[in-house]
Structure formats: C-alpha cells, structure tokens
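Enquirer: Residue 90 in UniProt numbering sits at position 90 of the sequence shown; the count goes up by one each step and never skips.
Hints may contain errors.
Here are the in silico distance ranges between beta carbons for each label pair [to be verified]:
1) K2 with V103: 31 to 41 Å
2) K80 with V5: 20 to 30 Å
3) S73 with I8: 12 to 22 Å
4) N118 with E79: 33 to 43 Å
5) N87 with I8: 14 to 24 Å
6) P25 with E74: 35 to 45 Å
Straight-line alpha carbon distances no greater than 25 Å define the calculated DSS-like cross-link-like pairs of lysine-lysine that follow [what the hints assert, rightly or not]:
7) K2 with K56
8) K56 with K23
9) K94 with K56
10) K70 with K9
11) K23 with K9
12) K70 with K56
13) K36 with K7
14) K75 with K2
15) K94 with K80
16) K75 with K56
17) K36 with K2
No wet-lab data here; the hints were simulated from the structure. Predicted, not measured: the structure shown is a model, and the values here were computed from it. All C-beta atoms in this analysis are idealised placements derived from N, C-alpha and C, irrespective of residue type, glycine included.
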Amino acid sequence: MKTQVNKIKADLQHFCGTEMFFKIPLIGTRFTDGLKYLANEAECFWLITDASVIAKSLSNRSEFITIDFKRLSEKEQIEKQCEAIINYSDGNDKIFETHRYNVTDFPLDELRLFFVNNTLMLPSEY
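Between the sequences and the hints, there should be enough to build the whole structure, so can you do that?
Expert: Encoded structure:
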C-alpha cells in the first residue's frame, strides 16, 4: 500500500495543465488528466463525483472552491466519529461545508483539489 501511495504522490507532481478534459455525464462537470489518472490509480471515481456535486452546489458562493480531503488521526477519528473529512472552502479559510466519511479506501492521507469554471483539477493543473 505504501508503495502505491508513494507512486501516486510522485506521479501527481508531473501533471501541469491538462491536454484533455473528461466529463461526468449526469452533472456535466469537467475534470483533468491528473484527476483521471488519480481516479484510475486510486480507484476513487467516488471522490471526483462527490467533490464535483458539492463544489458545483457551492459555486454560487464563490467562483473558486478548494476541496481538501484529510484522513484523521486515530484520536481525531474517535472525537469526530469518522475516518476522514472533506472541507469545501474559498481558499482563504472560509469553510462553506465539511463532509464526513465514516469509512474510506482512498489511499492518500491528504489531497487538495480546485473547482473553477465547472472544472475539477489538481492545484498544479490550475
């Protein structure tokens, strides 16, 4: 597992901009090459879909939305009664929503995404 995590982290650093956009059919959100890679390698299409739906619903509050996934420490998991959280904010510490995930198989402990102009992307692709 640790080898897979290290490979994904290293590979994600190579994405700068995007050559192609992909689309989530039912909601029309676009996502980039880097997220396509992440979804395939980490088997996390659920994350792209969840983040897209929620960020899209918040787009009337900000044109730029950051999505921060964080796996909680064991102590925090006991306190918050969940394994991970995703904060949706304006990028300037104004959190619009926090979503809790009781269980997750997402291999990374942290991940930041941006949602701009109906497009979900890695920060390096912005």
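Enquirer: Honestly, which of those hints from before does the structure not fit?
Expert: 1, 7, 16
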